[in-house]
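K.L.:
Chains as they are written, first to last, in the working numbering: chain A, 1 to 222; chain B, 1 to 236; chain C, 1 to 241.
Any given hint could be a false lead.
[As the list claims (entries may be wrong)] Simulated restraints, written as ranges between beta carbons of each label pair: (1) 132(C) / 157(A): 28 to 38 Å; (2) 132(C) / 117(A): 36 to 46 Å; (3) 96(B) / 24(A): 53 to 63 Å; (4) 229(C) / 24(A): 29 to 39 Å; (5) 219(B) / 197(C): 29 to 39 Å; (6) 236(C) / 218(B): 39 to 49 Å; (7) 23(A) / 92(C): 38 to 48 Å; (8) 44(A) / 141(B): 49 to 59 Å; (9) 137(B) / 23(A): 27 to 37 Å; (10) 24(A) / 17(B): 28 to 38 Å; (11) 71(C) / 206(A): 27 to 37 Å; (12) 49(A) / 219(B): 48 to 58 Å; (13) 108(C) / 45(A): 54 to 64 Å; (14) 153(C) / 125(A): 37 to 47 Å.
[What the hints assert, rightly or not] Part of the chain C face toward chain A, derived, beta carbon under 8 Å: (15) 55; (16) 56; (17) 57; (18) 75; (19) 89; (20) 106; (21) 108; (22) 136; (23) 139; (24) 163; (25) 185.
By construction, these hints were calculated from the structure, which means they are not laboratory data. Treat the numbers as computed from the prediction; the structure is a model and nothing was measured. Beta carbons are placed, not taken as given, at the ideal position from N, Cα and C, and that holds for glycine.
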Amino acid sequence: MRIAWLVIRKDLAAELRSPQAMVSMLFFGFLLLVILNVAVPAGARVAPETGAGILWVAVTFAAVLGLARTFDREKQNRCLEGLLLSPLSPEALFGAKMAVNCIFMGISQVAILPIFFILYGDGFLHAPVMLALVLLLANTGFSATGTLFAAITAGANRNEALLPMLFFPLVMPLIAMAVKVTSMIFAGAGPAEYGSWLQVMAAFALIFTGLGFLFTGRIIRD
Amino acid sequence: MKPLPRNPEPILTLCTALLLAAALYAVFLHAPAERVMGLVQKIFYFHLSCALAAFLSFTTACAAGVAYLVSRNLKWDILGAAAVEIGLVFTTLVLATGMLWGRPVWNAWWTWDPRLTTSLILWFIFASYFILRSAVEQRQRRATYCAVMAIVGFVDVPIVFLSARLWRSIHPVVIKADSINMAPAMVTALLASLAAFTALWVLLLQRRVRTLALAERILTMEHRLDREPALSTERK
Amino acid sequence: MAAADHLEIAGLCKDYEGCRALCNVSLRLEQGDFLALLGPNGAGKSTLLRIIATLVLPDRGSVRVRGADLAEDPERFRRRLGFISHHGLFYDHMSAQENLVFSAALYGVADPPARAEELLRRVGLHHQRHRRAATFSRGMRQRLSIARALVNDPDLLLLDEPFTGLDRQAASLLGEQLLLLKERQRTIIMVTHDMERGLAMASRVGILARGRLVFLEQRQRIDPATFGELYHAATSGGRVS
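Modelling step: build the complete structure from the supplied sequences, incorporating the hints.
P.N.:
Here's what the structure looks like:
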């Protein structure tokens with residue numbers, strides 16, 4: 001745990017010094033919010049389903065930009081090898097990278113959400129705590145799956161384009177559930193109505209975190 | 001040098017051909033035409049058979065993935081790749097036959113029914129398996145990555161289905177695909193078709209495994225020649 | 001003597017792309033041994049080092065360190081492992097000092113800043129310690145890389161062609177540090193194709209050819225004058241006893 005924390009701190013410090021991942025995530029997120037405006041007829045009120053869809057497209061595409069950079073800094077001077085030679089276990093490395101990705105996603109969403117409400121109407125702003133919970137569950141699932149596949153694409157040849165193609169089919173159910181729950185929250189539904197969805201989202205996050213811990217060692221050692 | 005994998009038994013080929021012929025007979029001549037849907041309903045036999053073959057493929061791929069990760073023997077990687085290839089073909093057929101059936105019966109090429117959605121996402125997951133395969137050159141590494149992909153994809157399928165189901169349970173279910181009553185002759189036709197496609201699946205899998213194993217051998221030989229130029233000149 | 005074995009490698013095999021990279025390599029090293037591992041390109045030297053370093057899994061065979069199988073607790077083993085290759089293994093966006101403090105903390109060194117300070121002085125980078133590594137010259141990068149490898153005061157040091165591409169200053173620094181470690185009875189394996197340097201520093205000499213360990217002998221029993229011929233025979237032909 002202590003050793004994983006060292007890696008998390010190193011990555012956060014690096015991002016603080018030159019926020020490459022953060023800048024691209026935020027910029028792309030904002031850009032998508034503006035582009036997706038074309039899906040809304042002029043002058044019409046945005047339906048909750050449409051609003052939720054727009055929000056999640058922006059959030060997930062921003063997230064994948066961050067995920068793609070997971071092992072970028074470890075590639076210079078073969079630093080990943082340096083980490084693997086240290087007493088750090090592959091599982092701790094996975095945990096640290098997953099945590100860093102989760103933190104980056106959370107921060108980017110803190111900036112993207114207000115812009116969303118400004119552009120598409122604050123009438124959606126119903127249960128901020130529940131919305132935060134949905135985001136947290138989705139982020140956990142995204143960062144688990146994304147970190148696992150970032151480790152895979154780090155060892156592949158054309159890795160920039162590869163990650164989204166492997167990542168999106170697998171997280172499609174998670175995105176679908178997140179959109180569903182978000183649209184219900186936007187429409188003013190109570191937690192009782194979407195509780196079972198949250199459970200499935202949590203199950204997804206848990207399963208893929210487990211798979212990540214299980215497979216990372218083999219992936220980075222081959 | 002390991003001996004070549006043996007040629008697929010001609011008997012297996014023959015059996016598959018006979019079973020397919022029998023299935024065609026059972027489906028088109030033995031089984032009666034459905035009263036409402038008419039001839040279109042015949043697609044159903046092949047649709048379900050393709051679905052079975054696809055399911056067999058992806059289960060095999062997942063099992064081969066586990067076997068590779070445990071044993072680090074490349075033959076499991078070849079089995080997995082062959083299974084996913086065939087599975088992808090059958091999933092495409094499932095989607096295509098489903099659409100052909102859906103157009104006259106449901107009056108739509110496509111609906112976001114849980115089964116359809118799951119098949120489509122499954123198709124995407126295993127198509128991305130090949131994108132990954134083509135992006136990694138080092139063979140052991142490629143095998144490991146693909147094994148993980150096959151396992152993770154397989155684990156994902158029930159979640160996809162569950163989420164698609166939950167989605168529908170909120171909206172009323174318009175179409176129930178499983179409320180089809182079948183005449184005994186129809187059941188015979190279905191069983192014949194399932195048997196024939198299972199045999200076809202085994203045949204295709206064996207052929208693909210053999211082809212891939214041969215390709216692997218050629219590659220290995222090329223590598224050896226590259227590494228030991230002395231050997232290639234000696235042979236000349 | 002049996003109890004003093006530091007490293008015991010038995011029956012190691014590894015295939016790459018269908019080719020034998022390592023074939024049944026067995027080897028024992030005692031505490032304080034300095035093994036120079038010679039051999040032509042593609043003989044499997046780096047693969048052997050990478051397997052010992054737990055970077056690569058072997059297909060068959062085992063590596064035991066002080067009697068314990070490496071596969072059982074690799075994290076504990078790596079705590080006292082050093083590895084030098086021509087890759088720096090440090091972060092360009094961090095300063096020399098930050099890099100060393102991070103590494104020291106990774107290895108669980110008691111007082112990382114103090115350890116970093118000491119190493120920076122030892123490799124002569126103390127004045128530049130706050131500069132980002134990206135701005136370093138080639139020689140400075142090499143010295144930082146050496147400091148990084150020594151951060152945990154390794155018990156077993158693996159070197160993969162360490163002198164290749166080093167400038168004179170860095171090479172003599174590395175040589176000094178290696179002799180220092182040798183005096184302190186640290187076990188060292190150095191992969192090199194530099195026969196002279198290998199013979200000059202090592203206590204044992206091995207030759208790896210086509211994945212096989214074809215020669216292994218105590219340094220004092222080797223005559224440097226005839227070793228060149230022996231090397232040539234070993235790497236081009238069969239086994240030499």
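K.L.:
With reference to the structure, classify each hint as holding or not holding.
P.N.:
Cross-check of the supplied hints:
1. Our hint of 28 to 38 Å for residue 132(C) and residue 157(A) holds, since their Cβ atoms are close to 30 Å apart.
2. Checked against the hint of 36 to 46 Å, the pair residue 132(C) and residue 117(A) passes, with Cβ atoms roughly 40 Å apart.
3. A hinted range of 53 to 63 Å for the beta carbons of residue 96(B) and residue 24(A) is inconsistent with their spacing of about 39 Å.
4. The beta-carbon spacing between residue 229(C) and residue 24(A), approximately 60 Å, falls outside the hinted interval of 29 to 39 Å.
5. As the Cβ distance of residue 219(B) to residue 197(C) is approximately 38 Å, the hint placing it in 29 to 39 Å holds.
6. For the pair residue 236(C) and residue 218(B), the beta carbons lie near 28 Å from each other, so the given range of 39 to 49 Å is not met.
7. Residue 23(A) and residue 92(C) have their C-beta atoms about 19 Å apart, which leaves the hinted 38 to 48 Å range violated.
8. For the pair residue 44(A) and residue 141(B), the beta carbons lie near 51 Å from each other, so the given range of 49 to 59 Å is met.
9. Between residue 137(B) and residue 23(A) the beta carbon distance is about 33 Å. The supplied range of 27 to 37 Å therefore holds.
10. The supplied range of 28 to 38 Å is broken by residue 24(A) and residue 17(B), whose beta-carbon atoms lie about 57 Å from each other.
11. In this structure, residue 71(C) and residue 206(A) meet the distance hint of 27 to 37 Å, their C-beta atoms being roughly 28 Å apart.
12. The beta-carbon spacing between residue 49(A) and residue 219(B), approximately 51 Å, falls within the hinted interval of 48 to 58 Å.
13. Checked against the hint of 54 to 64 Å, the pair residue 108(C) and residue 45(A) passes, with Cβ atoms roughly 59 Å apart.
14. At roughly 58 Å, the beta carbons of residue 153(C) and residue 125(A) sit outside the given window of 37 to 47 Å.
15. For residue 55(C), the shortest C-beta to C-beta distance to chain A is roughly 6 Å, which falls under 8 Å, so the interface hint holds.
16. Of the supplied interface hints, the one on residue 56(C) holds, with its beta-carbon coming within about 7 Å of a beta-carbon of chain A, less than 8 Å.
17. A cut of 8 Å between beta carbons decides the hint on residue 57(C): the least distance to chain A is about 6 Å, and the hint holds.
18. Hint status for residue 75(C): holds, given a least beta-carbon distance of 5 Å to chain A, under 8 Å.
19. A distance limit of 8 Å between C-beta atoms decides the matter here; for residue 89(C) the minimum to chain A is near 4 Å, and the interface restraint holds.
20. About 4 Å separates the beta-carbon of residue 106(C) from the nearest beta-carbon of chain A, less than 8 Å, and the hint is met.
21. Hint status for residue 108(C) relative to chain A: holds, with the closest Cβ pair at about 7 Å, below 8 Å.
22. Interface restraint check for residue 136(C): the shortest CB-CB distance to chain A comes to about 11 Å, outside 8 Å, so the restraint is violated.
23. At a threshold of 8 Å, the smallest CB-CB gap from residue 139(C) to chain A is about 15 Å, leaving the interface hint violated.
24. Taking 8 Å as the C-beta contact cut-off toward chain A, the hint placing residue 163(C) at the interface is violated, the least distance being around 18 Å.
25. The interface hint given for residue 185(C) is violated, since its Cβ lies 22 Å from the closest Cβ of chain A, which is over the 8 Å cut-off.
Hint check: violations occur at hints 3, 4, 6, 7, 10, 14, 22, 23, 24, 25; the rest are consistent with the structure.
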